[in-house]
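Asks: Following the hints, position chain C against chain S.
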Amino acid sequence: MDKKVAIFRKEHFNAAHRLFVPGWTDEQNLKQFGKCSNPHYHGHNYELVVKVSGVPDPVTGYVIDLSDLSSIIQKHVLSRFDHKNLNLDTQEFAELNPTAENIVFVIYEILRRHLDAKLDLSVRLYETERNFVEYPA
Amino acid sequence: MVFLTRIEHFNAAHKLYNPEWGREQNEAVFGACANENWHGHNYELYVTIKGEPDPQTGFLMDVKKLSGIIKEHVTEKLDHKNLNIEVDFLKGKMCSTENLVIGIWNQLIDRLPAIVKLHSVKLYETPRIFVEYFG
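Quick mapping for you: the protein sequence lines, in order, are chains S and C. For the record, in the first sequence the residue sitting at position 58 is 57 according to numbering that gives the first Met the number 0, with numbers rising by one throughout. For the record, in the second sequence the residue sitting at position 73 is 72 according to numbering that gives the first Met the number 0, with numbers rising by one throughout.
No lab work stands behind these hints: they were computed from the structure. From a predicted model like this one, the values you see are computed outputs, not experimental measurements. Note that the Cβ used here is the ideal one computed from N, Cα and C, for glycine as well. None of the hints are false.
Facing chain C, from chain S, some residues (calculated, C-beta under 8 Å): (1) Cys35; (2) His39; (3) Asn44; (4) Asp81.
So that you can see chain S by itself, here it is in the shape it has in the complex (with noise of 0.2 Å):
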C-alpha cells in the first residue's frame, strides 16, 4: 500500500493562563483581551489533537506506533504544560502570549522535532468545547 493514511492521538491538559501584552496598561489590556486579561489568571482543560499523516510501513502496517506518539506527546508537551501556569511555569510562555494560536504552534514546533521528516504532522488544539485552533492553517 502506497497511499497516506492519517492516524490521530488525542490528548488532554490542564493549565492556567492569562492574555495579556506586557508594555500595554492593565486598561488597554481589558480592553483587548477582556476577562482573559486577568491578572489572577484563569483556567482551561486543553484537548489535544495531534494528526500524524504517512504511507503504512509494509511490514508492520503502521504509520506511526500510537504507543510511540503518545510517549513524545506526553514527554515533550504535556509534561511541560500540564498543572502549569503558561505565563509563568513554561519558558515558551515567558514572552510569547499564550492565545491557543500560540499554544497550538509551539505544540507543532515542538512534536515536528521529534517526529521522522516524512510524516506529515497537523495539531489541533480546544481551548474550550466551542474554540478551537488548528495548525498548520
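Replies: Just chain C, lined up with the frame of chain S:
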C-alpha cells in the same frame, strides 16, 4: 414532579493547597494540583430544580430567570477568576470540586422562587471528573 436542568459553564484557575501544611506535604497529597502558580479548568455546571408545572404557563419557572440567578450569583463570580483568591463564597475554603459544588448550592438555595425546589448541583471539573450535591 418534573425536574429541569440548566447547564452553564465557566473557566477558572485554582490550586489545591492547604496553607497549614508545608510544600512537601501539599505535593504528597495533591500532586500536580498543588502547583504554586495555579492551573485551571473548564467547569461545566448542571443546576437541577424540581416542582410541578404551573397550569397557566406550563413552566416550573421561567428558565431565563433561572439562568439570570445562576449568572448573577454563581458564574459571574467564578468565570475567568482565580478561585483561591477572588471568590467571596470560597474564602478560607479548600478549592476542591467538592467544596465548590457545596458553595454553589449555598449561593442558589435561598434565591430561587418558592414554587420550585433545588434538587441538585452537578459540576464537571474535566470531562472525566464530576461531583454532585443534593443538599
